[in-house]
Structures are given as C-alpha cells and as structure tokens.
Amino acid sequence: MSTTGESEPRIATVGGDGSVVVLGEDAPRHGEQSPREWVKTNLFNRWYNGVITIVLGTIALILLALTVRFVFVTAQWIPVRANLELFMIGQFARGERTRIVVQLLLLSGAVGLVVGGLRQRSRETSRLAGLDHVPTRPRELVGSYWAVVAFITFCMVVGVRTAGPWLLLLACIVAAVAGYAATLSTTRTPISIASWLVVLVPLAIAGGVLSQVQDLNNQGAYTIAIAAVVLLAAVRLVPRPSFTLSAGLVLGAASFQVLSGTHGLAWFYITVAAMPAVADVVGLVAERLPVVAGWVAAAMAGAGVVVLFVLTGGEFVFQAPEIEGPLGVVTGPIGSITAFLGGIGLVVLAAAALVGSSVAGVARGDVAPAVRFAAFAVLGVAFWAIGRVVGLDGLIWDSWGLHTNLVVAAASIILAFPIGLLLALGRRSSLPVLRVLSTAYIELIRGVPLISLLFIAALFLNFFFATRTNLPLVTRATIVITMFSAAYIAEIVRGGLQSVEKGQTEAGQAMGMSPAAITRLLVLPQALKNVIPALVGQFISLFKDTSLLFFITILEFLGVRDIIHAQSEFQGLGIAETLVFVAFGFWAFSFTMSRESQRLERRLDVSNR
Amino acid sequence: MTDTLSGTKPSRPPFWRDVRVLRVVAQVVAAVTVVLTVRYLLNNLVGNLNAVGISTKFDFLGSPARFPVKDSNFSPDSTISALIWKGVQNTAASAFVGIALALVIGVVVGVGRLSTNWVVRKLSTLYVETLRNIPPLVIIIFFGFAIFTFGPFSPFTPASPPGEIKFPGTDATLLMYSNQRLGIPSIATGQNSGIFWILLLVALVVAGVVWRWRTRVNIDTGEPHRRVRYSLATFLGLGVVAFVALGAPISGSFPEVSESGRLIVGGLDTNNSYVSVTIALALYTGSHIAEIVRGSILAVPKGQNEASNALALSGFQRYRFVVLPQAARIAMPPTINQFLNLTKNTSLAAAVAYPDLTQVVRTAIGNDQPSPQMVLILMGCYLSFSLFISVILNVVNRRFQLAGR
Amino acid sequence: MTDTSGTRNTGERVFADATQMMGSSGEAMIEVAGMDKFFGSFQALRDINMKVGKQEVVVVIGPSGSGKSTLIRCINRLEKHDRGTIVVDGVELGDDIRNIQAIRRETGMVFQSFNLFPHLTVLDNITLAPRQVRKVSKKEAETTAMELLERVKIPDQARKYPGQLSGGQQQRVAIARSLAMKPKVMLFDEPTSALDPEMIKEVLDTMKDLATDGMTMICVTHEMGFAREVADRVVFMADGQVVEVGTPEHFFDDPQEDRTKLFLSQIL
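Protein chains in written order, with the numbering used here: chain L, 1 to 609; chain G, 1001 to 1405; chain Y, 2001 to 2268.
The set of hints was computed from the structure by calculation and includes no laboratory data.
Keep in mind it's a predicted model, so treat the numbers as computed, not measured.
Just so you know, not all the hints are guaranteed correct.
Below are the DSSO-like pairs computed for lysine-lysine, each with C-alpha atoms no more than 27 Å apart in a straight line [what the hints assert, rightly or not]: (1) L/K502 / Y/K2261; (2) L/K502 / Y/K2182; (3) Y/K2160 / L/K502.
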C-alpha cells in the first residue's frame, strides 16, 4: 500500500514534526495488511517517523510502567477506601439511606424504559419508511460505557467490603432490564410471556421488601412500588410510544421526588411527566366528543387550576414557602413573584389563561385543548392528594458528595433548557426589544465566570427575594447554575435555529400556520435535533462545573477530600490518590457521555441521509 | 377595468388586529415586565441590605485593604481599588502566559491526532480524551497540592535548598525548583540598554522593509523571494552590531538562593500557585484547542485536495496554500473563544491561593468589605476582559472571513 | 389550454398593463394596484398593477432579478409590500393579522426548493396544515392526503421521508401539500428550476392537470413551452416593472417592446 496515496481522495495533514504528509480519513486498518506492513506504514514510514516512534514509544512505555506501579504498588488507596461512602453520598442522613436505593431503582427503570422506547420508535419509523434498521452494535456500547464500568468496578473492588452495594447494583440492573422488557412487542409468544414475568415478579418482591423497610414510611414505599408496576404494565399493554415516554418521565420525576418529598410542587412535575400519554389519548378521543363535553372540560380546567392554587400555590403565597429538593428551585422565585403580583391576581390570571384558551378552542369547535387542560387539572389534584397521603418529607440535599454533583447538574440542565429555549427564540425574534433583552442577558452571563455567580448565591442571593424567603445554599447555587447554563444553552439552540432553512418557515407561513405553530412543529424539531450533541456537551461541561460548588462550602465530590484530609489519620496522606480518584470519577462520567453524544451524532447523520 | 381597483391607499384594520400595533404592544409589555422585575429585585436587595446594616455605597474603595497580597509589593495600607488593580494584573499574567502555552499545546496535539505515526496519534488521543473530561479545578488542585505542596519536590528552607538544573557545562542555573518557589533566568539591563532596545526596534523596521523588497522582487521577476531568510539575517545582523557597539548593554540574570536561604534572588522567580494555575489551565484548554485544530483540518472539503492534486501542487504547497488557510479560518473563532474560557477559568486560582482578581475579591469580602459591590466589580472586570477578547475576535473574523466569502 | 382562449385571442391587446383579466367569469381573484416594494433603498417592484381572474392561469417571465418572485411572495405576504393595495378574493392584504392569515389559508404556494419538512413523513407533511390550521380531523386529513397523492401519482410513497424521494417526487408532494389546504389560488415560484431535466416533465404535467381542473394560478417559470401551452396570459417583467402583457400567441410570436424581444431572442 502506498503511503502517499496520490491517486485517491485523501486528506492532507501535518505529521508530528510539522512536515506535510497525506493520509486517508481512517488510518489503514489491521485487517487489510500483514502486521509487518502495518508496522511499516504506521510506525516507520519515514526515517523521522521511525525516530519519533522510538522516542515517544519509549517515553509512553515508561509512563505506562509508572502508572501501573502507582496504581497497584505505591499508591496508598487507604483514604479512598475508608471514605468511599463519603465520596459517593457525602453526609447523607443515616436513617434515610433507603431513599437512595429507591431512587436508583426508579432511575434504572426509567433508563430501561427510555432506551427501550427509543429503540421501539426508531424500528417503527424505519419499518414504515422502508429503511434498513441499523441495530446498535455491542462494540459501540463497550466503546462508550467502559469508562463508567471501570469506575464502578474500581470503587467496588477498592472500597466495598459488604454485600449491600453489590446487591444494589444487581437490583438496578434488574430494574433496567424490567423497564426495557416492558417496551418489547406484545405478541403472545412463550418468550414474551416469560419477559412479562421478568417485569412483574422482581417488582412485586421489591415492593414487599420495601414496605418492610423502616426509614421510608410504608405508605411511601407501597405507593412507589405499586405505581412502578402499574406504569410498566401500562407500557406493556398499551404499546404506544407516548405511554413509554410518559412512564419513563414519571419514573424519572419520581426518583427525584423520593429525595425531595411529596410536598410542594411534586404534583406538578409528575403531572407534566404524564402529559405526553394524556395528550395522546385526548388526541384519539377528542374528535368524537360533542362540543358540550368541551364546555364541561373548560369549566373543569378552570376549577382545577383554582383548586390547585389554593391547595399548593397558597402555600407559597400565604405561608413561608417550604423549599424541598432540587426542583424546589422553581418554588422560590415563584413564591416571590406570586407575592409580588399579589397572589390572588396570579391565580386569577393563570385560571383565565387556561380557561380562555380552552374556551377559545371549544368556540372554534376544537375540544382537544379544553380536555387536555381538564385532564391536567384532574391529574394534578389527584397527584397532590396522593402526595399528601404518602406524606414523604423532603431532605435538604446538599453535602451528598458525587450524588450532589449529579443531581445539581441534572436539575440545572432540566430547568435551564426551557429558559435557554425562550432566550434563543427571543434573540432570533423580529421584535427589537425582545432581541436586545435576550442578547444582553446572554452576553452578560457568558462574559463572567461561574464562580462570580456562585459568590452571589452564597453571599446575597436571598436578599433579592422578599425577606421571608430563605432558600438553602444548594438551592441558591442551583438557581445561579441554571441561570448560567441557560445563557449557554440559548447560544446552542440559536445555532440550531440558524441551521433550519428559511424556506421551512416560509412554507409554514404560506399555508397559514401561526408563528407559534411554525416554531413548535417545524422549526424547533429540526433545530433541536441538530444540536443534541452540543447540548450533551453542555451537560458535560455543566457536570464538570459542579466541582466549583467546592468554593462555597458545599460538600460535593471534590470537597469531600478536604474533610478526609482534615481527619488526623489521613492528614497529608494519599493527597495525590484522592485527587486521582476524584479526577477518575469526573472523567468516567464525562467521557462516557461524550462518547455517547458522538455515537448519537453518527446515528443522526445516518438517519438524515 | 381600472375603476374596480380599490385605489392605492390601503385601509387601516382595527388596532387589535393591526400587526404594527401588536408588535409595539408586545415589546412594551416585555420591556415593562423586565423593568418591573429588575426594579423589584433591586428594591428588595437594597431594602434587605439596609435592614442588616450593609452599606450600599462604593466609598469603601478608597479605604485601606488591611491585608497583604502574596508575592507582591502590595502593602496592607493600600486602598481596595489598588488591591483590585493588583488582582487584575495577576489574572492577566496568568491568562496571557496560559493562552500562549495552550495554543502551542493545542496545535501540536491537534496536528498529532492526524499524524501518520500510530504512536503519535494514540498519545495525542490519550491526552485529549483524558484532559478535556476532567474539571479544570481538579487539574489545578492536582498541580497545586499533589505535585507541589505535597509532591516530590524538596521544601525551600535553609536546611533543604531547592533543586537546580544548570546549563550544561556552566554554573548558571536554568531552572530552580522547590515545592514553593520556582526560578528561571531572565534579562538584566545594564548601561545603554534603553538605546539598545530602540536600535532593536529600528532593526525590526529595516527587516520589514527588506521583507517588502523581497516580495516585490518575487512579484516582478518571479524568482524565489526567500524573504524569511533575508529579513531574519538583517534583523540578527543589526542586533549583533548594536550589541557589540554599545558594549553589552544587556546580560543574563540567573536565579540563586538568597543568603537567608528562604528566597530566590536574580532571574525571574514565582510561586508554585502561579505555575499550577497557568500550566493546569494551559493543559486543559490545550486539549480543547487540539480538538478544534483537528476538526478544522478535517473540515476542509476533500475536493480542495483533489483540486490541488489536479493542479499538480506538491504536498507542501497544497498544505501551505490550500488546506492551512482554510483550516485556520475555520479554527479562528472557536479558538479565540477558548482563550476567553481560559481567562474566565483563571478565577479558579483561588483554590491554590494564587492572588488573582477573584481571590483578592474573596479575601476582601472575608475582611468585611460589602459583598454586592465587590462581586459587581468582579463581574465588571471579567466582562471587560470578555469584551476585549470579543473585540479582537471580531477584528480577526472580519480580516479572515471576508477575504474568503 | 382552457376552452375560452380562442375567444380571448381576438381581444384587444394591452401592453404594460396587466389589469385586463382573461378569466371566464370576469370576476377578479387577485387585484394588485400601485404596488411598490423596497429592499432597503433598492426598489424591487415599481407600481405594479395586475388583476388575475378566477380560473385564470398567468405565467410571469423575465430575467433574473426582475422581481417576479418578489411579486408573488408579496401576494401571500412572505414579503411585506410598501405601497399600494393587494386584494385576494375580496380580502385586503395589509397589517390586519386576520386578513393575512385568511389570505394565506386560501393561497397555496410551491417553492423552487420544495421546502418539504424533512423531519415529517410525506403523509404528515400533507396533513400538518389542514390539521393545524383548518382543524380537520386526522382521519379526514389522511383520506384527503391519500387522494392528493393519487392525483400526483405517488400514493406508495406516503410513509417515506422527503429525503428518500427524487426531486420531481418531492415537488409533487409539495404541490399535494398546498392542495390539501383546498386553496383558491396557487402560486408557483420557479417550481422546476431546481430539478434535473428528466423530472421537469412530471411536475409540469401535474401543473397542467391543475390548470385544466380550473385552478387559478400564477406561475413564475422559465419553461416557455409550458407558458405557451397552458397560460391564459403571459406577463413579462424587467427591473421591477411589468413591461409587456399578452396572450401566449401574441407574446411569443409578435412581441411589441424591445426589452421583450431582446429577452426572447436570448432564451429561444
């Protein structure tokens, strides 16, 4: 094989020494040539490359040897081993440990559902469009997930001396498989029935076990277990993508709520998570409903909103707000703004908006919005009631080690996304005032380092709100991280919006669609699909940025080190080892996510053909 | 038929359906909402600050700082504004050197990722995939504590002098290192040094003229211009003449341990926190720039290479005149963005107690200066840095992008 | 050719005035009067006066940059005109948001670059607007969509994505998509310019069928054969002005203006 390859299209680059060489897009593969040829092309194709190979190769081997020696011989892993739990969940209250177990199980189930749902959808789309479905190769998965697996294995091998964590790991895998299995097709073959048992039996057992655990109250455990089984059954029996999506979202929201309690706005998150399935069902039946049903639904929606505001909104307006959990972020500002607008006024406004759009829809002969809002109101009240019955109190979720990093990052990105979306739309708006305001916010935030915002959170963010609002430090930190991420997400989304051709909007306009419908149905789906990899990248960088919580004395993954080395037995001992461990943890998650986003990008490329 | 035309004067719709009216209303509503919200928040802030007795004025800027700044002549009697200026200088010192290092690392590693040499390729990939997935803060702390404070280097006390690397065969120190301080050689100025610098400037101008002359020759006659060789020779020749003529106006200054055994005299010395911050950020940002460089080279369309081949350009010519200019154009904006990121990331220096802007502001707040004003100043400074770098970005963009489109 | 063309050929020829309709009923579908359009300081359209009768087919031709596309983009408000009036089916197009939406609902448009929605299947592309704008039920929208796909002769592609179709098929889907809104007027903005030669015919045939069925159409096109065969009137534009108007026979065989003669000599 020629090493210069002038005959075929190739990409010119510079060699390691700055000289010009030419190579194919992929480096020559093993399979195409003998090992001898491979060595010649890849290591010794020029005299200077030979020298580089020998020099760098030697250095690399020495480094490798030193690393191996460090990890297995000289390193003192004692501080890590003795404090592994501190690294993972920090100073999580001892009596509340079960909540983390439940959270992990729910989250695993949600992951299984979402992965299965995505696979189901892509197969279905491919089948209808007559495209070949490209299944994911195991090799690709290994290429992404080996880092996280290596980190978990390292933790298990180095630090775990009891059976508990191993059992938990096993249970999580079972939950994920259960979620995945629920999305498999419903043909009545023996295999399908067996997989059905795989879904239900462990869940029933888990529910029974949980109900006996003392520190999570029995009602809470029962409710969660039953809800999970019902959801999986629904997904299994109604093989509609919307059900799978909703079930995944509900389980995900519930896994947050296990920690942040069932008071406050818990009902809201769960209800929103259920909406895709509700909207789907409403879409199926709405056309057959008489107009009268629409009026009834509109009335129910209005009444429901008022009831919900009296039940829960009132808490924020008239009492000191109860701020719980990562998503309590929303409640603080809402509490203040509600007080600002005079509480009742906002209730009336929200009810009027919902009822107004419902009525407008019914008047046009379209009962679907009214029925959707009514369903939202009814479900909201129902979930509120369930939450009251379960009565699980929230935990202040700071000082939880790696858990805090992951939760803060996830909560911030979820909350920042809608804000960023609006900012991006504002920056692309044809209205100059909106454009200027959005641009000013985005550039202001992007121009300052996150740490300066964290100082605000730590020192005087509470002062911006009415005096009775006293948010916990970690909630304040989440607020500023959300504000920070929103600006970056806005820029990413703006890039996506720019990538959608102007003709798409024009085609929508030419058919008389409203600007909102054009944005929602035509522009955003294409724009967001184009920027998924960039959004994952933003999440990675956000996850890395959570290490900055270290500066405002929140006990996150990196900050745990300070506590460890303050103990007299570990003073000055294993400084490098704990740092390597922390770096390994951050690296494993970030690396896996970035690999997954690259894989996603390739798949999207393929489907865009 | 023209009588049926409705004239050229369009009728006005009612205002609630008039697009122009609706546009104005929407903007007024947005503006009023934002103004009211901000006003509400600021009122709360001022009210709450007054309630707890924190000043809302800026007159503290003239009062003394009451604490020293590491490694500087800053005295505790100096004012807060002087303190902030000191912090800005330290931030700039770290950012400037960090950017230069990151650029070098990024280009070398980025190009290395596309090398034909398997070892180079794999090592570059390893570097990029490792460094860019670790938080910069962790890297800074690793350098500060695992490598310096608790690392393998000797402490700096009279009993244990710092390690030294000499220039081969001489007594002059190339590098002096310990777990606290580092020293490198620098230039010491003697007599006539001022004239010497001026002469060097003149030499530079002459070299520039030579450069233009050679370019002209190449354009007029087509013979090779060899302008790098000509200009360099002119500059060095004039420089050596000036150096000899003025009787060695400058000389090298080398680090040595002071008599007390606790300080470095001569050369340029610094503490390990500066080195930790700068090198850690250079390594981290370098990994990002490497990805940009690689992506930019790969982004040059294949057709460009085919076209170059069709014109029988040599490998070097193709790279120099076709691929590189296009890749540089693609790489420029994201790279400058990385410079901005690095500058903002110097705020993490507080973790190793390097007295950059953020750290001095933090210390001042700890010393009872009012936090809202201090943080506002902090953000203002970083905003100016960002503005400065985006202005550069825009200038560069205009020069590079317009030429091609 | 429409059945009335024979009688109209004997009519008086009006030059540089497009207000003389040739539609069978004599009722105006589109009336444009004294319209100007600026892009910044550049005047793209200058005092356009034009009427299109019901079921009339008007073909607009002219050199590139003459304002043909801008003209029809003004008619459904993709561009905002600066002076003059536009009335479509009795509804005046101005700053009234209700009128804008009403006119867009009644006006179908086919673009040079198809502008199909790549993230939706062919069927969803066609049913989207009826479902969203006309609030038609899903079942009804899909039935109509399948009928339209039959009409443009690609019913078997319904579940595919636009990216899987050829250019000609995509443009036919775009036509079906516009027809799904049951428009009273169809605007064609150089519908065949982005197509390979072998696909142009299938699109032109679809357009001819439409004309035969009595659709009111304004077509910006470079297909002179199409203009000659299908148009009731041909409008020639240059530098943002209507230069000459006439029946295809008169226009192609006996042009009056020098600009027209020059243009025809360059393309024929």
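We went through each hint and held it up to the structure:
1. Taken as a hint, the L/K502 and Y/K2261 pair is broken in the structure, with Cα atoms around 36 Å apart against an allowance of 27 Å.
2. Note on L/K502 and Y/K2182: the hinted pairing holds, with a Cα-Cα distance of about 24 Å set against a maximum of 27 Å.
3. Restraint check for Y/K2160 and L/K502: the C-alpha separation of about 23 Å stays at or below 27 Å, so the hint holds.
In the structure shown, a violation is registered for the earlier hint numbered 1 alone.
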